[in-house]
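S.K.: Given next are the chains, with one letter for each unit.
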Amino acid sequence: MLAMSIQVKFFASLREMLGMDSTQIEARANITIREIWDQVTSRDYPVNTLCAINMDYAKPDDVVNDGDEVAFFPPVTGG
Amino acid sequence: MLAMSIQVKFFASLREMLGMDSTQIEARANITIREIWDQVTSRDYPVNTLCAINMDYAKPDDVVNDGDEVAFFPPVTGG
Amino acid sequence: MPAYLYEQALDPLKELAQYQNQHLCPGSYGACTNFIGTMRDFNAGTDVQLMTLEHYPEMTQKFLDRLCKEATDKWELVDCLVIHRFGDIKPGDPIVLTAAWSAHREDAFSACRYLIEELKARAPFWKKETTGHKERWVHDAPSS
Amino acid sequence: MPAYLYEQALDPLKELAQYQNQHLCPGSYGACTNFIGTMRDFNAGTDVQLMTLEHYPEMTQKFLDRLCKEATDKWELVDCLVIHRFGDIKPGDPIVLTAAWSAHREDAFSACRYLIEELKARAPFWKKETTGHKERWVHDAPSS
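Chains as they are written, first to last, in my numbering: chain A, 1 to 79; chain B, 1 to 79; chain C, 1 to 144; chain D, 1 to 144.
Isolated chain A (complex conformation) (with noise of 0.2 Å):
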């Protein structure tokens, strides 16, 4: 099985707390998004965090294709 090339980022209080904004990693084919962040960090998967492929909103057990952007971050306080 070809690996998958993703690029990673993570936003406000979960790129402090993991000391990284963005990465590039080699997965797996049919990862998810919560898969993804067990292969990329040491910790659990931080209740209330939203993920997103592509800049559109995605749940934890969707999955990841080839050349995609996955984006973890906490609930949004604009406006």
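In short, the hints are calculated from the structure, not lab data.
Please note that a few of the clues may not be correct.
[Claimed, not checked] Simulated crosslink set (EDC-like; lysine to aspartate or glutamate; CA at most 16 Å straight-line):
no., chain 1, residue 1, chain 2, residue 2
1, B, 9, B, 26
2, C, 62, C, 118
3, B, 9, C, 58
4, D, 14, C, 15
5, A, 59, A, 38
6, C, 14, D, 54
7, D, 69, D, 118
8, C, 134, B, 69
9, D, 62, A, 69
10, B, 9, C, 41
11, D, 128, D, 93
12, B, 9, B, 21
13, B, 9, B, 38
14, C, 90, C, 11
15, C, 14, C, 93
16, D, 128, D, 47
17, C, 90, C, 135
18, A, 59, A, 69
19, A, 9, A, 26
20, A, 9, D, 58
21, D, 14, C, 11
22, B, 9, B, 56
23, A, 59, A, 26
24, C, 14, D, 15
25, C, 128, C, 41
26, D, 62, A, 56
27, C, 62, B, 69
28, D, 90, D, 7
29, D, 74, D, 118
30, C, 128, C, 88
31, B, 59, B, 26
32, A, 9, D, 54
33, C, 128, B, 16
34, D, 128, A, 16
35, C, 62, B, 35
36, B, 59, B, 69
Knowing the structure of chain A, use the given hints to seat chains B, C and D on it.
M.R.: This is chains B, C and D only, laid out in the frame that chain A set:
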């Protein structure tokens, strides 16, 4: 019984219909707004006409006092 | 929380900016909601060339003053402002501004909406439109 | 129906006036409702000196563009406009503007409210406040 002095005003389509914007009248004590209409005009009190005493909304059966200003006008269309 | 009646042209955004600069402390409010009603060039299927807004000066002022007071009593406002034109109005001219400043947006939206709804329902103004060579009194207020 | 992200200072009333002059035909709309959210100098019991607004540039832009499109689909609008700051913000600085132009006020109010509510609920922005020598991420959004 002393006659009262009442200022009567008409606005918008009522003013045009009656050809009169303002008149000072003498009226008997305890006269109501509707009776003032009848005293000043030769017409029936038009449906939907609004009225005020001293720049506050009033009802046609409200009694008027000496020196009051009474106004008649159609439904409002501001804003 | 003043209410003003203008016979001259009204520039609502300029008035808002001036009022804010002169009367509101930056940082004292988190939310400002405002509504601007403008004369359209098209009403009830006809092209309108001119509108004349009649009012009952003393009662209109008294009504709007009380309305601003009511809004301030009903919601937690830092301030509110109402400005309304009278006299001759051309298509595209702003007619009315209602604005409410508050700590939070719920109060600002509710108060701003209340000001324009009560004004339209009860403030003593009457619109007469000129279309072609005809004049007619407006019977409802569909302009905004 | 554009959405703009500004790093520089935002003057919402000036932006509104400019946008109206350039993109809207006078007489084509009867109602404009707009909301301006401003940074207060006091939040949750503490004096706030500075706020930093982080965002996810591409997703934030995409989200706001889609939001404007949604508002235009849901209500009869002549136009709408959203502008949001990011970066360093001081107390008293405007943060966000949402505006909706329509023939009638019902659509303008509903759309303006929808824009700010959806923006606050879902647009990817995160506020970090500096009070005294401490920084903290804001957990809800009580500023407006």
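S.K.: Now, for every hint given, state plainly whether the structure supports it.
M.R.: Hint-by-hint comparison with the structure:
Of the pairs offered as hints, the one joining residue 9(B) and residue 26(B) holds, with about 14 Å between alpha carbons and a cut-off of 16 Å not exceeded. Between residue 62(C) and residue 118(C), the direct Cα distance comes to roughly 14 Å. Compliance with the 16 Å bound is thereby established for this hinted pair. Note on residue 9(B) and residue 58(C): the hinted pairing holds, with a Cα-Cα distance of about 12 Å set against a maximum of 16 Å. In summary, the hint linking residue 14(D) to residue 15(C) is supported, as the alpha carbons are separated by about 12 Å, within the 16 Å threshold.
Under the criterion of a C-alpha separation no larger than 16 Å, the hint pairing residue 59(A) with residue 38(A) is consistent with the structure, at around 15 Å. Of the pairs offered as hints, the one joining residue 14(C) and residue 54(D) is violated, with about 31 Å between alpha carbons and a cut-off of 16 Å exceeded. Under the criterion of a C-alpha separation no larger than 16 Å, the hint pairing residue 69(D) with residue 118(D) is consistent with the structure, at around 13 Å. Straight-line distance between C-alpha atoms of residue 134(C) and residue 69(B) comes to about 33 Å, which puts the hinted pair past the 16 Å bound.
For the hint pairing residue 62(D) with residue 69(A), the CA-to-CA distance comes to about 14 Å; that is within 16 Å, so the pair holds. Note on residue 9(B) and residue 41(C): the hinted pairing is violated, with a Cα-Cα distance of about 32 Å set against a maximum of 16 Å. Distance restraint check for residue 128(D) and residue 93(D): the Cα-Cα separation of roughly 15 Å lies within the 16 Å cut-off, and the hinted pair is therefore satisfied. For the proposed pair residue 9(B) and residue 21(B), the alpha carbon gap of about 6 Å is at most 16 Å, so the pair holds.
For the hint linking residue 9(B) to residue 38(B), the alpha-carbon distance of about 14 Å falls within 16 Å, and the restraint holds. About 13 Å separates the Cα atoms of residue 90(C) and residue 11(C), which keeps this hinted pair within 16 Å; it holds. Under the criterion of a C-alpha separation no larger than 16 Å, the hint pairing residue 14(C) with residue 93(C) is consistent with the structure, at around 14 Å. For the hint linking residue 128(D) to residue 47(D), the alpha-carbon distance of about 13 Å falls within 16 Å, and the restraint holds.
A C-alpha spacing of about 14 Å is found between residue 90(C) and residue 135(C), which places the hinted pair at or below 16 Å, so the restraint holds. Distance hint between residue 59(A) and residue 69(A) is fulfilled; the C-alpha atoms sit about 14 Å from each other, no more than 16 Å. At roughly 14 Å between alpha-carbon atoms, residue 9(A) and residue 26(A) fall within 16 Å of each other, so this suggested pair holds. As the CA atoms of residue 9(A) and residue 58(D) are separated by approximately 12 Å, the hinted pair is consistent with the 16 Å bound.
Our distance criterion of 16 Å between C-alpha atoms is met by residue 14(D) and residue 11(C), whose separation comes to about 12 Å. Distance check on the hinted pair: residue 9(B) and residue 56(B) sit about 13 Å apart at the alpha-carbon level, within 16 Å; holds. Annotation: proposed proximity of residue 59(A) to residue 26(A) is violated, straight-line Cα distance about 20 Å (limit 16 Å). For the proposed pair residue 14(C) and residue 15(D), the alpha carbon gap of about 12 Å is at most 16 Å, so the pair holds.
Taken as a hint, the residue 128(C) and residue 41(C) pair is honoured in the structure, with Cα atoms around 14 Å apart against an allowance of 16 Å. Restraint check for residue 62(D) and residue 56(A): the C-alpha separation of about 8 Å stays at or below 16 Å, so the hint holds. At roughly 14 Å between alpha-carbon atoms, residue 62(C) and residue 69(B) fall within 16 Å of each other, so this suggested pair holds. The straight-line distance between the Cα atoms of residue 90(D) and residue 7(D) is roughly 13 Å, inside the 16 Å bound, and the hint therefore holds.
Taking the CA atoms of residue 74(D) and residue 118(D), the gap is about 13 Å. The hint holds against a cut of 16 Å. Distance hint between residue 128(C) and residue 88(C) is fulfilled; the C-alpha atoms sit about 10 Å from each other, no more than 16 Å. For the hint linking residue 59(B) to residue 26(B), the alpha-carbon distance of about 20 Å lies beyond 16 Å, and the restraint is violated. Between residue 9(A) and residue 54(D) the alpha-carbon distance is near 13 Å, which keeps this suggested pair within the 16 Å criterion.
A C-alpha spacing of about 12 Å is found between residue 128(C) and residue 16(B), which places the hinted pair at or below 16 Å, so the restraint holds. About 12 Å separates the Cα atoms of residue 128(D) and residue 16(A), which keeps this hinted pair within 16 Å; it holds. A C-alpha spacing of about 26 Å is found between residue 62(C) and residue 35(B), which places the hinted pair above 16 Å, so the restraint is violated. The straight-line distance between the Cα atoms of residue 59(B) and residue 69(B) is roughly 14 Å, inside the 16 Å bound, and the hint therefore holds.
The structure does not agree with the numbered hints 6, 8, 10, 23, 31, 35 stated previously, though it agrees with the rest.
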